[in-house]
Amino acid sequence: PAVVLFSIGMGIAISGIPKRERLLEPLSVAVNALMRLNRMIVHISPIGIFAIVSYAMGTLPFEKFGLLQAYLITFSAATLLLAIGILPMLISVCTPVRYWDALKVSQTAVIASFVLGSTFAVIPLIVEAAREILDRYHLEKEDTGGSPDVLIPLVFPFPDLGRIVGLIFIPFSAWFYGSSMLPEEYPRFLSLGMAGSFAKPAVTIPWLLDLMHIPHDIFQLYLAVGIYTTRLGDALRSVYLFSFAILAAASLSGTLKIQWRRFISWSLFSLCVAGVVIAGIHAVLNYTFKDVYQSKALIADRQLLFPGAKEIILKTSAPNPEPILSNETRIDRIRRRGTIRLGFDPKRLPFSYFNDRGQLVGLDIDMAHRLALDLGVDIEFVPFTPQTLIDQLKQDHFDLAMSGLEGTIERATAFPVADSYMDVTLALVLPDFRKVDFLEFDKLRHSADLKIAVVANSFYDEKAHEYFPNASFISINSEEDFFEGNAGHADLLVTSAETGAAWTLLYPKFSVINPFKKNIRVPMYYLGAHDIEFEEFMEVWLELKKKEGVFDTLYKYWILGET
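Be aware that the sequence shown starts at 3, since it is given in the working numbering, and climbs by one per residue.
Each hint should be verified, as a subset may be incorrect.
With beta-carbon atoms standing in for the labels, derived distance ranges [said to hold, decoys possible]:
#, residue 1, residue 2, range
1, 474, 329, 50 to 56 Å
2, 421, 458, 39 to 45 Å
3, 159, 286, 35 to 41 Å
4, 314, 474, 38 to 44 Å
5, 26, 170, 39 to 45 Å
6, 143, 21, 25 to 31 Å
7, 314, 278, 54 to 60 Å
8, 453, 7, 45 to 51 Å
Simulated pairs of lysine-lysine, DSSO-like, Cα-Cα distance not exceeding 30 Å [to be verified]:
#, residue 1, residue 2
9, 547, 558
10, 143, 349
11, 519, 465
12, 445, 511
13, 437, 511
14, 317, 445
15, 453, 465
16, 558, 465
17, 437, 396
18, 548, 445
19, 548, 511
20, 143, 259
Because the hints were derived from the structure by calculation, they are not lab data. A virtual CB, placed ideally from N, CA and C, is assigned to each residue, including glycine.
Sequences are here, hints too, so could you generate the full structure?
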């Protein structure tokens with residue numbers, strides 16, 4: 003817009019200067035030279051297009067290309083349908099201009115804008131193409147103010163079809179994350195998207211993602227194919243400006259006349275073609291890209307890294323059927339039975355949970371198998387919840403609880419523990435679009451309007467009251483309650499970054515943030531009832547596993563997602 007305003011102001015200023023022809027004549031020569039140069043570029047444009055597309059595809063990681071195929075197919079189809087179908091047809095039914103003439107005359111400017119990646123640079127070519135059509139069909143009359151030289155620069159700063167079609171990325175993003183925009187959301191989305199089209203897509207797209215409550219992470223995929231979609235959008239913009247100039251000039255000169263018979267036939271034909279294209283894209287996406295959100299597989303399809311011990315997973319908890327005999331240690335009973343009973347929480351991602359195949363997996367389940375193999379025994383997995391853990395340990399339901407348990411005052415006073423086997427980091431989980439609200443964390447954490455979800459009887463239950471003194475708290479049985487919306491409209495969840503990150507792979511509309519001034523480390527323990535010999539064994543065993551690099555391997559596999 004600034005360039006257009008400057009040009010208009012300069013034109014007005016020059017128009018009042020005498021002998022201005024001395025400036026305009028050499029400028030006309032320069033314009034003609036640029037036109038000739040543009041034609042030369044267009045002749046070698048196929049080579050340039052091939053190089054651009056090759057570079058874009060060659061530098062785009064394969065996994066990103068796979069994820070973005072749906073967007074690229076939809077964007078390309080919509081652009082081609084408008085550029086070589088609807089817009090030239092609109093010219094042909096509203097003016098005497100033949101469809102093929104409109105297509106052929108405009109192709110030079112369209113190809114040049116794609117190659118150069120800029121519509122602004124080819125405005126002279128668009129003006130020349132529009133002028134050629136107007137002169138050939140005598141559509142412009144003198145003193146009507148419909149010259150392409152005036153119309154195209156005036157309309158250039160306003161939203162155009164190239165930018166509007168680019169808004170397809172927002173519905174695609176919603177589909178990508180496993181949901182769809184509701185019909186009642188489209189009017190608001192389209193109206194604000196049109197208004198936002200005055201700005202660059204790099205500004206508009208993140209703003210619309212926030213507005214529609216879609217995770218920001220996908221914007222990186224948008225940038226990855228920007229070299230292709232931006233150029234295709236510039237090509238469509240050139241066709242749009244060319245079509246607008248012809249239709250506006252014809253309207254101002256009185257030569258615009260809708261040929262209703264052709265209009266109806268072309269409209270029906272266009273609707274049929276559009277219907278076939280949309281149905282084809284829909285079928286391809288449903289068949290090829292079903293459940294395309296692959297990050298879920300990092301947690302839902304994960305397998306144990308160190309399986310091996312024979313296991314039985316109990317559905318209900320009960321005391322050990324064989325109590326410890328007099329003068330018998332816990333280790334002695336484990337070896338006598340040939341089985342170790344281990345407590346697990348089935349909703350403690352990524353430490354212990356059931357994957358999509360119904361298998362019990364997780365970092366601590368992997369460690370449980372290593373423990374059983376080292377002892378030479380089988381495993382009985384016994385379920386527990388944070389609320390029943392202490393009572394179950396007191397009643398001898400299992401020998402050891404291995405399920406991502408952080409230390410608490412209550413647990414420390416009830417049971418002795420071995421050394422911590424790893425530390426996690428205190429963090430917050432909240433809807434992705436609300437991250438911006440926590441930029442001023444020091445001010446927000448004193449708000450009385452905050453509703454905070456915490457797992458009952460956990461370390462985070464104790465710690466959250468310290469950092470949010472005025473907030474109201476909602477106790478939940480597991481982190482899953484928060485993500486499933488069963489936490490009484492809680493604003494956020496206090497948990498560990500490691501646990502939160504695992505859950506957000508399954509629920510990508512949420513994000514993990516660490517707004518605290520320093521990292522708050524939380525130690526994790528394996529809890530067992532009092533038994534000196536068993537405690538000493540666990541301390542030595544944990545130290546050995548650390549020295550062997552077992553914990554490092556499992557941390558990279560279960561926490562960092564490496565394979």
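Hints, one by one, checked against the model:
1. 474 with 329: 50 to 56 Å: Distance hint for residue 474, residue 329 holds at roughly 53 Å.
2. 421 with 458: 39 to 45 Å: 26 Å, violated
3. 159 with 286: 35 to 41 Å: 37 Å, holds
4. 314 with 474: 38 to 44 Å: 42 Å, holds
5. 26 with 170: 39 to 45 Å: 43 Å Cβ-Cβ, so the 39 to 45 Å window holds.
6. 143 with 21: 25 to 31 Å: 30 Å, holds
7. 314 with 278: 54 to 60 Å: Since the Cβ atoms of residue 314 and residue 278 sit about 56 Å apart, the hinted range of 54 to 60 Å holds.
8. 453 with 7: 45 to 51 Å: With a Cβ separation near 49 Å, residue 453 and residue 7 satisfy 45 to 51 Å, so the hint holds.
9. 547 with 558: Given pair residue 547, residue 558 holds - Cα atoms ~15 Å apart, limit 30 Å.
10. 143 with 349: 76 Å, violated
11. 519 with 465: Within the cut-off at roughly 15 Å; holds.
12. 445 with 511: 25 Å, holds
13. 437 with 511: Within the cut-off at roughly 11 Å; holds.
14. 317 with 445: 46 Å, violated
15. 453 with 465: Given that 30 Å is the threshold and the Cα spacing comes to 15 Å, the pair holds.
16. 558 with 465: Roughly 27 Å between the alpha carbons, so the hint for residue 558 and residue 465 holds.
17. 437 with 396: The given pair, whose Cα atoms are some 42 Å apart, is violated under the 30 Å limit.
18. 548 with 445: Outside the cut-off at roughly 41 Å; violated.
19. 548 with 511: Roughly 35 Å between the alpha carbons, so the hint for residue 548 and residue 511 is violated.
20. 143 with 259: Answer holds: residue 143 to residue 259 is near 15 Å, not above 30 Å.
Violated hints, listed in ascending order, are 2, 10, 14, 17, 18 and 19; each of the other numbered hints is respected by the structure.
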